[in-house]
Every structure is written in C-alpha cells, then in structure tokens.
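Residue numbers (numbering that gives the first Met the number 0), protein chains in the order written: chain A, 0 to 213; chain B, 0 to 213; chain C, 0 to 213; chain D, 0 to 213.
Fair warning: there could be bad hints in the mix.
The calculated label-pair distances, taken between Cβ atoms and stated as ranges, are [stated by the list, open to error]:
#, chain 1, residue 1, chain 2, residue 2, range
1, B, R155, A, A142, 36 to 44 Å
2, B, L188, C, F128, 25 to 33 Å
3, A, S47, C, W92, 36 to 44 Å
Just so you know, the hints here were simulated from the structure itself, not pulled from any lab data.
Built from N, CA and C at the ideal position, the CB exists for glycine as well.
Residue-level listing of the chains:
Protein chains: 4
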Amino acid sequence: MKKNSKPNGVGPKETARLEVFSDGVFAIAITLLVLELIQFLHPHEGESLLRFYLHHWEPFLAFLIGFLTILVCWINHHHVFLYIIKTDSYLPWVNGFVLFMITFTPLPTAILAEYLGTEGKFAVAAFGFNYLMISIASYWLCAYAMTRSLIEQDNRKFFRFVKLTYGYSIIYTLVAFLVCFVYIPAAILMYFLLFIAFAFPKEFAERLARGRRR
Amino acid sequence: MKKNSKPNGVGPKETARLEVFSDGVFAIAITLLVLELIQFLHPHEGESLLRFYLHHWEPFLAFLIGFLTILVCWINHHHVFLYIIKTDSYLPWVNGFVLFMITFTPLPTAILAEYLGTEGKFAVAAFGFNYLMISIASYWLCAYAMTRSLIEQDNRKFFRFVKLTYGYSIIYTLVAFLVCFVYIPAAILMYFLLFIAFAFPKEFAERLARGRRR
Amino acid sequence: MKKNSKPNGVGPKETARLEVFSDGVFAIAITLLVLELIQFLHPHEGESLLRFYLHHWEPFLAFLIGFLTILVCWINHHHVFLYIIKTDSYLPWVNGFVLFMITFTPLPTAILAEYLGTEGKFAVAAFGFNYLMISIASYWLCAYAMTRSLIEQDNRKFFRFVKLTYGYSIIYTLVAFLVCFVYIPAAILMYFLLFIAFAFPKEFAERLARGRRR
Amino acid sequence: MKKNSKPNGVGPKETARLEVFSDGVFAIAITLLVLELIQFLHPHEGESLLRFYLHHWEPFLAFLIGFLTILVCWINHHHVFLYIIKTDSYLPWVNGFVLFMITFTPLPTAILAEYLGTEGKFAVAAFGFNYLMISIASYWLCAYAMTRSLIEQDNRKFFRFVKLTYGYSIIYTLVAFLVCFVYIPAAILMYFLLFIAFAFPKEFAERLARGRRR
C-alpha cells in the first residue's frame, strides 16, 4: 500500500512518540513509589517522628529498591532504543510488555515494604519474579527488533550482544528466584550483582563483545 | 486575520504539543491502575501473602484488562495522529473527549476489580459502556479531522478506512453492551475479538480497504 | 556576559522544555481527578452498583467540571505559548504561578464532589476562587511576556488582545465569585459562559480585535 | 568500539530523552503534592468547610513549600542542562540521585503538613535534611559534568560558577539543618534566603562570576 507508507517512513524519529509515552510511564511509576511511603506515615500519627523513622526502615529500603529497579530499567530501555530506529505494528505490543512490568513494579515494592519483616521469603520472591518477567520482556524486545530489522545496519553486530545480556539475565533471574525459597541472603547478593551489571548496559554488552572476539 | 496566522502555520509539527499532552494522559492513566492493586493489598495485611495472591485474582485480571485497554487506545491514537498533520481550534476539544474517556477508564477498571465476583453483569457492562464511548470519541475524532481537512492529502483515501473501523466499532460495542445483560461469556468473547481487531489498527484498516476495492 | 549567552539564544525552541514540563503538570492534574472518583467507590462496597451510580452523581459532575477546567486551561496555555518564543529567568516563575493553580485544582474539585449536596454555596465559591486565581495568573503571564518582549514581533498586536481577554476574566470571575454567596444558579450560569468564551481563546481574542478596530 | 559510537554521537540532542524523563519526574512529583491536601479533607467530613480552611492551614503551607521546592529544583535542573550537551554511561546515575531526592520530596512535605503543629522542630529538620541532600546531588551533577567534559567548551568558564553555587549551598544547608535543632525561626529565615538565591540560578552564578573577577 502506497497511501499510508509516508507516515511510517519519516526516518529516525519514527519511534519518537513511543519513547515519549514510555518515558512517561517510567517517570510516573518511579514517582508513585513515594505514595506508599506517605501512606505508611498515616496510621502512626500518634508516634513520635524520630521513632517512626527508626522503627519503620523497611518502607524506606523498599522505596530505594523500587526506585533503583525502575531507574535501571529506564537506562536499559533508553540504551536499547538508541539502536532501534524503526517501528512496526507489533513493536508497541512488545514494548507494551516491558511497560506492563514497569507499571506493575510498585506492587512488589509495596509487598516488600509491608511483608519484609513478617514474610521475607515471599516478599523477596515476589520481587524476584518481577525481575524474571522484566528480563523476558527485555529479551523479547531486543529479539523482536533484531528479527524485524528495526536496528540500524551499522549497529546490528553490537546489538546482538545487547540482546545476549538479556538472554543471560533470564537464566540468572530464574536461578535467583529459586534461590529465594532456599536462602534469602544468597538471593539478595545475586540481585545486587544483577543491578551492578545492568546499571551500565553498554559496558556490559561491550565486555561480552570483547570476550567473544578473543 | 494575518497577525496570528504564523503560529498556526508551522506545518507538520502543528499537533506536536497536543500529542505530548495526550501521551502524558495515556501514560498516567495506564500507570495509575497499579494504585488500585496496591490499595487491595492493605486491608488484608493479616492474611498470608501466598493466600492473598490465590484468593484475590480479580484485581489482577482487572489490572491486565485496564492496561490492555489503555494500550490499545494509545496505539490507535498514535496511528490516527500519524495522518492528522494540522490542527484547529476545535481539534483539542474533540481529542479532549477521547482523553476524557481515557482518564475515566481507571474507574470501570476499579469497578471490575471489586464487583466482578458479586455483580459481574454490571461490572462488565460498566466496562462495555466505556468501550462504546471510546468508539464514539474515536470515530468523532476521525470524522472531524476528515471533514476539516486536517489530514495529509496523500493519506485521505486510506484514512477513510481508518475512520470506518471506528464507525463499525460503535455498532459492535453497542451490541456487545446489550449482550452483557443477557449472557456475559458471549459479551466477553465479543470484547476479546474487538481487542484483537484494534490491536493492529493499520492492518485492520488495510483489510477493509482491500475488501472494498474488490 | 557572553559565555552563557549561547544556551539562551537557540531561538524558537527556547521555551520547549518549559512547555514539556507544563504539559506534564496539566496531564497529571487532569488524570489524578479519577482517583477521587475511585476513592468514593470504596466506602460503599455494600451497596448495589447500579444504586451507587444513581445516588452519587455529584462526584461524577465534579469530575467532569474538573476535567473541563484543566482542559480549558491547557488549551489557553497552549495558545499563549504559540506566541511566546523567548524565555528569561522570571518566566518560569510567572508560568509557575499558573502551574500552581493547576496542581491545586484537584482540591476544589474534591471539595465540590463531597460538599455539593451539603454546603453547595461554599463548594462552588471554592471553585470560583480557583477561577479568579487562574485568571490573575494567566493575565500576569501574558502581561509579563508582553512587557519583556518575549513575543514574536509580528504577533505583538494580536497578543495584546489575548492579554486583554484574561484582563476581562479577572473582573468577570471576581463578580461571579461574589455572586456565589448571593444566588448559586446565577453564578453557575456565569461560569458556564466563561467556559464557552475561553474554550476557544483564539476566536475570543479575534472577536475583541475586530470590535476595537471598528 | 566503533559499532555503537553512532547513537552516542548525535550531538546537542544527546541528553534529550534524559531531560524528558527528568521533566516527567519533576512534573509528577509537583502534582502529587495535592493528593496529600485532598487526603486531609477526608477525615473531617463532618466539619464545616469554612472552619476546615481556618483550622487546617498547615497542609496548605506545606503544599506551597513543597511546590516551590520542586519548582526551584526544576528551574535549576533546567539551567544546568542548558550547559550539559553530552551524556555518558554514568550521567543517568548522577542525575538519578537528583531525581531520587525529587521523588522523595513529597514525604518531607507530608511530614511538614502533619507534624508542623506538634513536632515542628523535627518536621522542619526533615525538610532541611532533604535540602542538604538535594544540594549534594546538584553539586555532584555539576562536578561530574565538568570533570567528564560534558559541557560545551564556550560555557566551561561560566559553568564553574554554577557548580560553585551548589558547593556553597551544601555548606549553607548543613548549617541551616543544625540551626533547626536550636532555633526554628532562624532556620526558616535561612531557608527563605536560600530560596531567593536559587530561584534565579543564572543571576546567582553571574554575581559570583563578577565578584571573582574583581
């Protein structure tokens, strides 16, 4: 069809509105986390303010973890969309799966805040399940963009390694999820290492690329 | 009037700020849905976390449906605005009707989450009424853009079919709304098919265009 | 100082980030209104869904009014920023006053939803006070942009009339605010006419311009 | 690595998506503040509306302070990013620290609203601690951008003074934080002066620059 070929052939800015929409979702999800913190404040109005801070550190820890999780996801999303320059009818759906997990993240964060003291195992596992789903969604996004040639020609070789990092993270987060039910500190250590690796997605992919070439 | 003709004659980017504002509304509405999920968490603090998940699947289903609804609407809005390249004084109002229905969507989603088990018929009908209104709003947007020639000349022929899909969806969602009061599973099947058709608005319109030419 | 003259001399896009930030505030304020609607849903869980809709129409009316208010403000903000092409150190503050009133708007909306039945006079007056403040903020924004020559040269003559519409609205909303305490229906009629006038800010200013020339 | 050098070498727009994401976070945080105001409305439903306003001025003051705080931060963030034209793998993290403090700000605002009457000292100190952290984050952002040469060459000299203002604010907010525990009115005066200085970050930096040259 020639008639509607034009709107979809504008070039590098094709994914612009998809990115603006995604940025909005990331920005809102990361900011909504504070509502959970404020809600915690209310039932304890009788308590002294200083005591409140000392006795309820779990929501603050959950807030920090939730914030870092969504920030890492945004950094990775931003990195992946540096290479994706075209879009098609399915990309918003694959990207929608990533966004679904991001909008969902405040729930495991709230679970962490409320159940860390009483049911730590399940609270961490709920967050771990979230990480597993995010890994699957990220891998799928990269695999889809690769297969459908939505990547700039020059970057295809490197993008293969970007995709690979999310492939590894699926296996890694699956193992970490299972470890949650066995020994929580080991799972937390695993998630900590996961954070560090994906905090710098470009460097991670570059290291993989260098390793393969040797 | 010549004086203010300039700001409105910038060309293809005329609808830019309208789209950014709309994207913001879509992004916020889709992310606010999780607040309903978190709110459900609170009154059941005494319950075990695993049991909570098993016994309260309705809010999760409602969250998924609400998310998919707004995502489908965003994809369709994005598709329609690929063709709308000009704006006038009324377009923000017609578009405002679409946005009104989007900001409203978290309410039927919350109704679905809370009343699915007890008053399923009305809960689904409330959502169905929402779909009917969204169809009317979308059709109106397309019809208005068409009449006022806000569409690029080359795309006018194809856009006629885009408009037609929303025309059909008005009749379809009206029937589905009435079916809600008769037999819920049939209504749900109808909404499922509606989702699939509008998940890919371009392909839907292309199929219609091909059908007509024969 | 020459060193930092460059970042501020980029040209027509100087207000870009101010507009994106403002769009975000408008989009969030307009979407947050639904939270009030959902919150109303909760305490009445025992009630039948249909009855709930019939007996609690005030929050729905308040939602509609709040939505239209913020949409009208966005349309006017968008219209004013078509002419403002430069920025300076004070513009974000003058614009900040407008945004302050926008972020504040969900409060009078919530007051309207909860007190319309019991204390209608004060509920409408609270909203009316909001309109007065928005008028002052809008006029100040236009007057500031005019004085500091942030308007494109060609549009200065017409912009004078845009500014004038907000000048009139200050007097108008002040009178309407006082009428609230005397006879509510008259105040509501006045606000209705205000809505219609500012729904199309460009046409309103054009009519003023035509009237003056005669 | 040459393969992925392209996406990162687009030029002046390199920080575009970082700014959009940041704008989103600022816009949401500033708009969420009203939810706290609305929440205050609910438990007092029995009270007269006028009395409610007269007796509960603290949440309104806290709303104003929270709004001004985030607006000042946005203005400063916007000013700093006029000079930052490049990005690297660490900048989103340094900027993330600023955003973390912004998303956190609604909490001290809520604390101020609820505890100003009963535990004023701690309520102000909680806000003061927030200011100290924001100062550190802002200084770090500038220092990082300076060291990594993410600043346009022509602006480097002036940006040194921008950075210096945040360096001073760290010491200033640290002193003000300590003053909170001694004499609240003095601390409030200090924060008031801080506001005025950073309301116009460009003028503040220019004054410093002029002072040094003499």
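Going down the list of hints, with the structure as the test:
1. B:R155 with A:A142: 36 to 44 Å: holds, 37 Å
2. B:L188 with C:F128: 25 to 33 Å: Violated, at about 51 Å.
3. A:S47 with C:W92: 36 to 44 Å: holds, 38 Å
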